[in-house]
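2 protein chains.
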Amino acid sequence: MEPESCLEKSSGGRFSAKAAEERLPVLVSAVLPAGGTGERMGGGTPKQFCPILGRPLISYTVQALERINWISHIVVVVSLDNVEIMKSIVKRYGHKRSVIVEGGTSRHRSIFNGLEIFVKNSPIQKPEVVIIHDAVRPFVEKDIIFKVVMAAKEHGAAGAIRPLVSTVIASSADGCLDHSLDRAKYRASEMPQAFLFDVIHQAYRQCNDYDLDYGTECLHLALKYSKTNAKLIEGPPDLWKVTYKKDLYAAESLIREAISQQVCVITDMNENAVQVGFLLHKTLKSHVKQVRSLSSTLCKDDNHLQNILLGQCYNFICINDTPSDFQKTQQLVEMLENTNASVLYSIVLISVHLNNLEDTSCSSEMPKLVELAKEVNKTNIFLYGLIIHYQQDNMKLEEITDSASALIMALIRDRNPAFVGQLLVA
Amino acid sequence: MEPESCLEKSSGGRFSAKAAEERLPVLVSAVLPAGGTGERMGGGTPKQFCPILGRPLISYTVQALERINWISHIVVVVSLDNVEIMKSIVKRYGHKRSVIVEGGTSRHRSIFNGLEIFVKNSPIQKPEVVIIHDAVRPFVEKDIIFKVVMAAKEHGAAGAIRPLVSTVIASSADGCLDHSLDRAKYRASEMPQAFLFDVIHQAYRQCNDYDLDYGTECLHLALKYSKTNAKLIEGPPDLWKVTYKKDLYAAESLIREAISQQVCVITDMNENAVQVGFLLHKTLKSHVKQVRSLSSTLCKDDNHLQNILLGQCYNFICINDTPSDFQKTQQLVEMLENTNASVLYSIVLISVHLNNLEDTSCSSEMPKLVELAKEVNKTNIFLYGLIIHYQQDNMKLEEITDSASALIMALIRDRNPAFVGQLLVA
Numbered sequence: 001m002e003p004e005s006c007l008e009k010s011s012g013g014r015f016s017a018k019a020a021e022e023r024l025p026v027l028v029s030a031v032l033p034a035g036g037t038g039e040r041m042g043g044g045t046p047k048q049f050c051p052i053l054g055r056p057l058i059s060y061t062v063q064a065l066e067r068i069n070w071i072s073h074i075v076v077v078v079s080l081d082n083v084e085i086m087k088s089i090v091k092r093y094g095h096k097r098s099v100i101v102e103g104g105t106s107r108h109r110s111i112f113n114g115l116e117i118f119v120k121n122s123p124i125q126k127p128e129v130v131i132i133h134d135a136v137r138p139f140v141e142k143d144i145i146f147k148v149v150m151a152a153k154e155h156g157a158a159g160a161i162r163p164l165v166s167t168v169i170a171s172s173a174d175g176c177l178d179h180s181l182d183r184a185k186y187r188a189s190e191m192p193q194a195f196l197f198d199v200i201h202q203a204y205r206q207c208n209d210y211d212l213d214y215g216t217e218c219l220h221l222a223l224k225y226s227k228t229n230a231k232l233i234e235g236p237p238d239l240w241k242v243t244y245k246k247d248l249y250a251a252e253s254l255i256r257e258a259i260s261q262q263v264c265v266i267t268d269m270n271e272n273a274v275q276v277g278f279l280l281h282k283t284l285k286s287h288v289k290q291v292r293s294l295s296s297t298l299c300k301d302d303n304h305l306q307n308i309l310l311g312q313c314y315n316f317i318c319i320n321d322t323p324s325d326f327q328k329t330q331q332l333v334e335m336l337e338n339t340n341a342s343v344l345y346s347i348v349l350i351s352v353h354l355n356n357l358e359d360t361s362c363s364s365e366m367p368k369l370v371e372l373a374k375e376v377n378k379t380n381i382f383l384y385g386l387i388i389h390y391q392q393d394n395m396k397l398e399e400i401t402d403s404a405s406a407l408i409m410a411l412i413r414d415r416n417p418a419f420v421g422q423l424l425v426a
Numbered sequence: 001m002e003p004e005s006c007l008e009k010s011s012g013g014r015f016s017a018k019a020a021e022e023r024l025p026v027l028v029s030a031v032l033p034a035g036g037t038g039e040r041m042g043g044g045t046p047k048q049f050c051p052i053l054g055r056p057l058i059s060y061t062v063q064a065l066e067r068i069n070w071i072s073h074i075v076v077v078v079s080l081d082n083v084e085i086m087k088s089i090v091k092r093y094g095h096k097r098s099v100i101v102e103g104g105t106s107r108h109r110s111i112f113n114g115l116e117i118f119v120k121n122s123p124i125q126k127p128e129v130v131i132i133h134d135a136v137r138p139f140v141e142k143d144i145i146f147k148v149v150m151a152a153k154e155h156g157a158a159g160a161i162r163p164l165v166s167t168v169i170a171s172s173a174d175g176c177l178d179h180s181l182d183r184a185k186y187r188a189s190e191m192p193q194a195f196l197f198d199v200i201h202q203a204y205r206q207c208n209d210y211d212l213d214y215g216t217e218c219l220h221l222a223l224k225y226s227k228t229n230a231k232l233i234e235g236p237p238d239l240w241k242v243t244y245k246k247d248l249y250a251a252e253s254l255i256r257e258a259i260s261q262q263v264c265v266i267t268d269m270n271e272n273a274v275q276v277g278f279l280l281h282k283t284l285k286s287h288v289k290q291v292r293s294l295s296s297t298l299c300k301d302d303n304h305l306q307n308i309l310l311g312q313c314y315n316f317i318c319i320n321d322t323p324s325d326f327q328k329t330q331q332l333v334e335m336l337e338n339t340n341a342s343v344l345y346s347i348v349l350i351s352v353h354l355n356n357l358e359d360t361s362c363s364s365e366m367p368k369l370v371e372l373a374k375e376v377n378k379t380n381i382f383l384y385g386l387i388i389h390y391q392q393d394n395m396k397l398e399e400i401t402d403s404a405s406a407l408i409m410a411l412i413r414d415r416n417p418a419f420v421g422q423l424l425v426a
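Chains B and D, in that order, are what the protein sequence lines are.
Going by my numbering, the first residue of the first sequence is number 1, and it counts up by one from there.
Going by my numbering, the first residue of the second sequence is number 1, and it counts up by one from there.
So here's chain B without its partners, still in its complex pose (with noise of 0.2 Å):
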């Protein structure tokens, strides 16, 4: 299960996904609710608004709709005071086809609101299927949407749907067990779910006080006043909901580790820093997915590296010939900077520095080292200093670049920004 929704789908997903969208014959916009106050995560902060390696929740939500071009429009509906805070987010995030509609007491009135934007004289075109989403489930992926949204293209509705987890029973009036429900006869409605909009939008409009103020369920709506039976698809474990403080740290973790598995090392074209470069690239292949190199001059329009950028590479490591020489940190710290890399996920830069002495004096490169990674840490690239002892022999060469792939590693899955500007010494 990797939680790759918020990023550029892998080979496989990206491919289907590409199949997807060339067979897509229908006008899809999506509503999210995200009114929610969060009582579940112990008040404070909604949990849709939590803040995720520094970004709010709801932005890689936006993000996962987002990558899927056949996505017109994404309706966010929240609460009259976080529209403000919403707003921010959408432009801090450049989340540039999303909407925000202002939510209801309910999370139906909410929904109801998002829909009727579609309706109401605005310019925004009415879809022939609406998803509704939960602003609070980031991982879903594109497969499950497309396949919720061609089921409710032919059904009037469908909806992803889970096993249950645990056993579900029925109380009796003093509190103990009335029965247990046979599990395989049941499923966990999750979503994503999708509908002809005439049908969703017609059974809000038909439904009554209760259904807004206490209902749940939108396929529940659909079948009672739609009269439309949505089709069930068995959703990816992925689909699960952050709801308390521990799935906050679940997703943060699942967020961490997708962003993990590239690596892109650019190496000096010093003879020592090539080598070294060659070692790391080795062994940095058996903890990630992708390790690229690059040893060419960096310059602006290097295509090598436009391209890594693109596929979405967030790890950086740059070999430098001497403890004092930052060049090519710097060059790539620029290149960085033009092309806005770090906005939606923070960079890890290591900048890594040959030490042919044998002492470990790092009086000289400290100060500038502290100095520039304050200086990008503004712009999230998150820099640490690493200094490598060049050895001639080989097997001692070896073992430190062993070392300081590890220390590459934990630096890399941290992201933590208390250690930047820090010297590591492998």
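None of these hints come from the bench; they were simulated from the model.
Here the structure is a predicted model, which means the values were calculated and not measured.
A few of these clues could be false.
Pairs of lysine-lysine residues, derived as DSS-like cross-links and limited to a Cα-Cα distance of at most 30 Å, are as follows [what the hints assert, rightly or not]: (1) K368(B) - K241(D); (2) K120(B) - K224(B); (3) K241(B) - K282(B); (4) K185(B) - K241(D); (5) K368(D) - K378(B); (6) K368(D) - K241(B); (7) K374(D) - K396(B).
Per the computed footprint, the stretches of chain B lying under chain D, defined by three or more beta-carbons under 8 Å from a beta-carbon of chain D, are [to be verified]: (8) 54-62; (9) 79-87; (10) 169-175; (11) 208-220; (12) 244-258; (13) 412-423.
Note that CB positions come from ideal geometry on N, CA and C, so glycine has one too.
Place chain D on chain B using the hints.
Chain D in isolation, oriented as in the chain B frame:
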């Protein structure tokens, strides 16, 4: 929601638990089915044996039950191929009250095997009430166990329940929505559950192969075969079950957080060290629940330190006078090793060194630090170095101790073995 179950309870909980222990008029043992193969984790290691901060998940759950001194025996039921693994876990982590039993081909058969151990001519006394819990629910609290046991004594059977997170739906033969259940009327059946021993044992003796092979719900068996309506008890959110990889991440983060709440600062008698210790104490207090300070010279039978260790403090900051002075740190290491304080959780030990010189040369102490760190790492103590540039100017010194505190908190919360032996600079 704090995962203190794996640790000593904080005052509130401890009090109520103590009361509970005093009032307990019944012989209680527990059965912990752990025969699962962990398909849902995508094969590989069964999830109850997956490491969390280096220790298998099941050990945390056993520990949560062992903390309750009125539970006589904890019968851990594992599949034949895991008996040896479980034995080594029991030995390594000192789970003295646990008994290992070989499981059956299904969850119910495993629980049955676990119950049989109490009646087969074994030295283990048959309890009046037996707790059944999941090996993969490590965050269970004393209080809910107490409630469930007491209810079982009164009603014959009892189980923890939670509100449903998702709507539960029934599908028709063609895979479409048939009807959705009213969430208010149903609950998720969780663990722990407890039974009068004879009630559940008789139920297992009578139930058929279908029940044993495909059933999942013990409360259902007690109802069906012993005509006992279990009392249902609303449990806290911490009863969640480690099911997927994301749950392992969540568990790890929660445990990290729980053991990061106490810090002990030990300072050299030297004036500057005491001053820095005082400032660190002040800033750290805003990050954790409890900071204790010791400036006494350490000795083996130091009561203060003994109490701190008994209070389950896993984070120590040792302030040495000069960059080359490791005396205090070495003293502390000896004491920690003598008390086996790091058997269940890694101990983070940060060796702080004052540096009065302007340069940040770290050549002198680096090798000593690396060597010592490598040594203590074997006993699960993570040693890190931290240089603080001592300043006469109070303002400047406070600034530096603030950034030192940020580094200290990051090291404590991360507990990252990869950074062991590294020297950070505040």
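Going through the hints against the structure:
1. The suggested pairing of K368(B) with K241(D) is violated, with an alpha-carbon distance near 48 Å, which exceeds 30 Å.
2. Under the criterion of a C-alpha separation no larger than 30 Å, the hint pairing K120(B) with K224(B) is consistent with the structure, at around 25 Å.
3. Of the pairs offered as hints, the one joining K241(B) and K282(B) is violated, with about 38 Å between alpha carbons and a cut-off of 30 Å exceeded.
4. Simply put, K185(B) and K241(D) have alpha-carbon atoms about 22 Å apart, close enough for the 30 Å limit, and the pair holds.
5. For the given pair, K368(D) sits about 36 Å from K378(B) by alpha-carbon distance, which is inconsistent with the 30 Å threshold.
6. At roughly 48 Å between alpha-carbon atoms, K368(D) and K241(B) are farther apart than 30 Å, so this suggested pair is violated.
7. Simply put, K374(D) and K396(B) have alpha-carbon atoms about 18 Å apart, close enough for the 30 Å limit, and the pair holds.
8. For the segment 54-62 of chain B, the stated coverage by chain D is violated: 0 residues have a C-beta nearer than 8 Å to a C-beta of that chain, whereas at least 3 were required.
9. As drawn, the segment 79-87 of chain B meets chain D at 0 residues by the rule of a beta-carbon pair under 8 Å; below three, the given contact is violated.
10. Note: the segment 169-175 of chain B has 5 residues with beta-carbon separation from chain D under 8 Å; the three-residue rule is met and the coverage holds.
11. Requiring three or more residues with a Cβ within less than 8 Å of a Cβ of chain D, the coverage given for the segment 208-220 of chain B holds, as 4 such residues are present.
12. Here the segment 244-258 of chain B counts 10 residues with a CB under 8 Å from a CB of chain D, which clears the bar of 3, and the coverage holds.
13. Coverage of a stretch by a chain is defined here by at least three residues with a beta carbon nearer than 8 Å to that chain's beta carbons; for the segment 412-423 of chain B and chain D the count is 6, and the condition holds.
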